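Student: Chains as they are written, first to last, in this note's numbering: chain W, 1 to 322; chain C, 1 to 320; chain U, 1 to 271.
Just so you know, the hints here were simulated from the structure itself, not pulled from any lab data. Note that this is a predicted model, so its numbers are computed, not measured. Among these hints, one or two may not hold up.
Residues from chain W shown here face chain U by an in silico Cβ test under 10 Å; the list is partial [claimed, not checked]:
hint, residue
1, Phe92
2, Pro101
3, Leu191
Label-pair ranges, simulated between beta-carbon atoms [claimed, not checked]:
hint, chain 1, residue 1, chain 2, residue 2, range
4, U, Ala10, C, Glu300, 42 to 48 Å
5, W, Gly70, C, Gly202, 45 to 51 Å
6, U, Gly99, C, Asp143, 40 to 46 Å
7, W, Gln167, U, Leu119, 57 to 63 Å
8, C, Val77, W, Ala275, 33 to 39 Å
9, W, Arg302, C, Gly202, 42 to 48 Å
10, C, Met79, U, Gly14, 47 to 53 Å
11, W, Lys198, C, Glu265, 17 to 23 Å
12, C, Val77, W, Glu87, 25 to 31 Å
13, W, Gln167, C, Gly18, 42 to 48 Å
14, U, Gly99, W, Glu120, 27 to 33 Å
15, W, Glu235, C, Ala280, 42 to 48 Å
The beta-carbon is built from N, C-alpha and C at its ideal position, and this holds for glycine as well.
These are the residues of each chain, in order.
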Amino acid sequence: MTGPLLSVQGLTKHFPLKTGQVKAVDGVSFDVAAGETLALVGESGCGKSTTGRMLLRLTDPTAGSIAFDGEDFLGLGRAALRRRRREMQIVFQDPYASLSPRNRVEDIVAEPLDVHGLCESRAARRERVIELLRLVGLDAIHLRRHPFEFSGGQRQRIAIARALAPQPRLIVADEPVSALDVSVQAQVVNLMQDLQEKFGLAYVFISHDLAVVRHIAHRVAVMYLGRLVEIGTTETLFSAPHHPYTQALLSAAPVPDPERKRTRIVLAGDVPSPANVPSGCHFHPRCPVAQAICRESVPALRDVGGGHRAACHFGKPFPIPV
Amino acid sequence: MSLLEVDDLRVHLFTDRGVVKAVDGVQFSVEAGRSLGIVGESGCGKTMTALSLMRLIPEPPARIVSGSIRFDGEDVVTMSPDRLRALRGNQIAMIYQDPMTSLNPVFTVGEQIAEAVRLHRRDTRSAAWTRAVEVLHLVGIPDPDRVARAYPHQLSGGMRQRAVIGMALACEPKLLIADEPTTALDVTIQAQILELLRRLQGELGTGIVLITHDLGVIADLVDDVIVMYAGKLVERAPVRQLFAAPRHPYTSGLLRSVPSLDIRERRLATIDGTVPPAHAMPNGCRFNPRCTLARDICHEQEPPLVDVGNGTMAACWAPL
Amino acid sequence: MNVPIGKLTAIGGGLSLLLILLAAFSPWIAPLDPLDQSFLTANQGPTAEHWFGTDAFGRDVLSRVLFGGRVSLAIGILAPLLSALAGIWAGMLAGYLGGWTDRLLSRSSDLLMSFPTLLLGVMIAAALGPSFQSAVIAIAVALFPRFVRLSRSATQVVRREPFIDASIAAGRGTASIVLRHVLPNIAGPLVVALSLWIATAIRLEAALSFLGLGAQPPAPSWGNMIRDGMSDLVGDPWPAAFAGAAITISVLAFNMVGDALRDLLDPETGL
Numbered sequence: 001m002t003g004p005l006l007s008v009q010g011l012t013k014h015f016p017l018k019t020g021q022v023k024a025v026d027g028v029s030f031d032v033a034a035g036e037t038l039a040l041v042g043e044s045g046c047g048k049s050t051t052g053r054m055l056l057r058l059t060d061p062t063a064g065s066i067a068f069d070g071e072d073f074l075g076l077g078r079a080a081l082r083r084r085r086r087e088m089q090i091v092f093q094d095p096y097a098s099l100s101p102r103n104r105v106e107d108i109v110a111e112p113l114d115v116h117g118l119c120e121s122r123a124a125r126r127e128r129v130i131e132l133l134r135l136v137g138l139d140a141i142h143l144r145r146h147p148f149e150f151s152g153g154q155r156q157r158i159a160i161a162r163a164l165a166p167q168p169r170l171i172v173a174d175e176p177v178s179a180l181d182v183s184v185q186a187q188v189v190n191l192m193q194d195l196q197e198k199f200g201l202a203y204v205f206i207s208h209d210l211a212v213v214r215h216i217a218h219r220v221a222v223m224y225l226g227r228l229v230e231i232g233t234t235e236t237l238f239s240a241p242h243h244p245y246t247q248a249l250l251s252a253a254p255v256p257d258p259e260r261k262r263t264r265i266v267l268a269g270d271v272p273s274p275a276n277v278p279s280g281c282h283f284h285p286r287c288p289v290a291q292a293i294c295r296e297s298v299p300a301l302r303d304v305g306g307g308h309r310a311a312c313h314f315g316k317p318f319p320i321p322v
Numbered sequence: 001m002s003l004l005e006v007d008d009l010r011v012h013l014f015t016d017r018g019v020v021k022a023v024d025g026v027q028f029s030v031e032a033g034r035s036l037g038i039v040g041e042s043g044c045g046k047t048m049t050a051l052s053l054m055r056l057i058p059e060p061p062a063r064i065v066s067g068s069i070r071f072d073g074e075d076v077v078t079m080s081p082d083r084l085r086a087l088r089g090n091q092i093a094m095i096y097q098d099p100m101t102s103l104n105p106v107f108t109v110g111e112q113i114a115e116a117v118r119l120h121r122r123d124t125r126s127a128a129w130t131r132a133v134e135v136l137h138l139v140g141i142p143d144p145d146r147v148a149r150a151y152p153h154q155l156s157g158g159m160r161q162r163a164v165i166g167m168a169l170a171c172e173p174k175l176l177i178a179d180e181p182t183t184a185l186d187v188t189i190q191a192q193i194l195e196l197l198r199r200l201q202g203e204l205g206t207g208i209v210l211i212t213h214d215l216g217v218i219a220d221l222v223d224d225v226i227v228m229y230a231g232k233l234v235e236r237a238p239v240r241q242l243f244a245a246p247r248h249p250y251t252s253g254l255l256r257s258v259p260s261l262d263i264r265e266r267r268l269a270t271i272d273g274t275v276p277p278a279h280a281m282p283n284g285c286r287f288n289p290r291c292t293l294a295r296d297i298c299h300e301q302e303p304p305l306v307d308v309g310n311g312t313m314a315a316c317w318a319p320l
Numbered sequence: 001m002n003v004p005i006g007k008l009t010a011i012g013g014g015l016s017l018l019l020i021l022l023a024a025f026s027p028w029i030a031p032l033d034p035l036d037q038s039f040l041t042a043n044q045g046p047t048a049e050h051w052f053g054t055d056a057f058g059r060d061v062l063s064r065v066l067f068g069g070r071v072s073l074a075i076g077i078l079a080p081l082l083s084a085l086a087g088i089w090a091g092m093l094a095g096y097l098g099g100w101t102d103r104l105l106s107r108s109s110d111l112l113m114s115f116p117t118l119l120l121g122v123m124i125a126a127a128l129g130p131s132f133q134s135a136v137i138a139i140a141v142a143l144f145p146r147f148v149r150l151s152r153s154a155t156q157v158v159r160r161e162p163f164i165d166a167s168i169a170a171g172r173g174t175a176s177i178v179l180r181h182v183l184p185n186i187a188g189p190l191v192v193a194l195s196l197w198i199a200t201a202i203r204l205e206a207a208l209s210f211l212g213l214g215a216q217p218p219a220p221s222w223g224n225m226i227r228d229g230m231s232d233l234v235g236d237p238w239p240a241a242f243a244g245a246a247i248t249i250s251v252l253a254f255n256m257v258g259d260a261l262r263d264l265l266d267p268e269t270g271l
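Please model the entire structure based on the sequences and the hints provided.
Tutor: Printed below as a string of structure tokens:
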């Protein structure tokens, strides 16, 4: 394997409005290596889900390029696109809505197999579905059941089995554990890690939950209002966040430890609407260290050492005000 | 006398498929100016417990079959509808997960708060409006005059939740029930709302019952915690005690399954299995099929809630 | 599965089936020829010989109600089925594809919807000339925009479900998604609507025949029986009364089927 499995350059999505447009995603670039987990984190409206959808062309980008395995993914024709989709699958947040309520588990999991004609016979199809269900910790007795007969965690396992069916190399997981209870969430996170080890899967893991991201991701990309503000390995990003937004995000996450009365960076104000973004650095109106330059010019994503990059005019780890 | 004393509360759902014991023998109390967190996973009965406190449970199918809920000495369970109405929104207020459920889209925020005030106080329109602007200011909304004249959809999620909290506090209730008040909000906004609730509790001395699945929020805000599992209260403890030394295996499992922000575990601890379906509860302790420490007695007899020291009560035959 | 749904299904379904069977087998069931006239026995009330009495030409009302059911129910069922076949596909295309396909289909069905259903039916039937076929076509066209509208809006809801995205991501093509995922998920409300609109179509057929635009005499239909009976409602109310009762019972029965189906087709409450 020479290049990255997935390479995204200047990915942009603008949604037209009656007046102006929403820059949902604004020039996002990153790579994902085979077998690696890249987390996309940020708050609602930051464009992380739209980015995830564009990776699979569920939403068409306005600009930018996506290369999968070195091949231009956006230029693919219909037939070639469908073939490529075998190799990249998606798992959604809401396991109640992402499984067709009228289908039985067997047909849900077998859908990618059917579409790509991957099974010779009905017997082979059933055998493969049972194998997939076993992989995600479900039993063959569940084959003939409907989604509503399962709990949220079990449904998410079914969704993962479906994603695994065509033996993909990349899975985009859009908030896959956010709708689940804590104890079940841990089960699904462990399952995803086991599967990654077993099959060498790459994940793009979209989440707002920093603790889960810290656990599962190899690298983390932080988004704010459509732009990437920081990207680096999980270790460096959590131990030495360079962007003030990343720092605020980390300090705001509630920690289940009452002994630790942390000093929070409580950001003033709300996330501005993506339809009306601030000039310069998008974060400047809420930034505790903003200067005049932040209003005027957009900071580039600069290397701050060891491939860790941050889009801040003041590219150094700021001391978190205590 | 405590502000709120709940004793042996049982709420059952009478459905076509049989009786579901949604809340089965819950007891706790909240002192004035203190906060209690009710934590548990979906279906554990925490929301049903919260709704019972104001008798807001959907009847039918739900019914309070036994127990008492004493608010300021008065039993809510046997209270007359008139008395109940006078209490709701006035002495006990509630905020929900989704602020939009408490706001009517066709009225301005100020009108709705003023309306809530006039429901319980014989204020003039202008006095009620002044009060509305005042509480918007109290909950930290910049430019409360303008926001009072805004419609809910013109506000961001965080602002709406502030407005809803303001509306709940408008009549200076003694008790505030908050059902997942920050779950729908972004992390940075959640931090703002938690700060706000903490500040208001200190300033106004309101008792708070906070329902959440988020152990981080619990650790952040409350004084005492009850942990619920499958309709049962499994553990009750002061917050520090609970996080430092959980006594019920379920509490312990729950705490360990939360990934940490500081260290990276190789593998997350989990609680195997899933919550049993409501109409097929196991005999004995309801947690026994998922408990690694279950013994014979756990399959046979329900453990009573007993004092296990350090201010902790646990319903377990073999507390940790 | 609780009792009320079961009862409703049994009564509505049983009644509808019975009506259809009676109509279908009327040549074997009917005691007399519905066209046989006899002035000796004209305008009689119910007797042992003529259970439902006779009309102005002395024809047996029971036999005419049974034979009339063939026409009325055939039109009442055939027309909505044809309409559904065309309307559901059009609606799904409009709802799924959006854009100009949607605009074209929605605007044209809105145009049709702007006429009252009965007026539209009357206009079409009058234009085509009164006959069985034109009644079917008129009613089918009159109901078409309703199916388009319902299927379109149901499709728009399903279109936004993540399981559709999951299916696209799995590599499925548009036509296949519409057939495999959209149709089964919108089928519930559509089948319910179909049975409710069968009831509507039976009423429409009666109205058209009443106006002389449906099946042509002497062949009986419930609508033209009422029309004939109206001329002497005081002297001999029986033909109109029994034909009217047949219409009422059919409409009720298909409405009950519709309500019952709604519950049965839900995978969570269904059998």
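Student: Of the hints given before, which are not true for this structure?
Tutor: Hint check: 3, 5, 8, 12, 14 fail, others pass.
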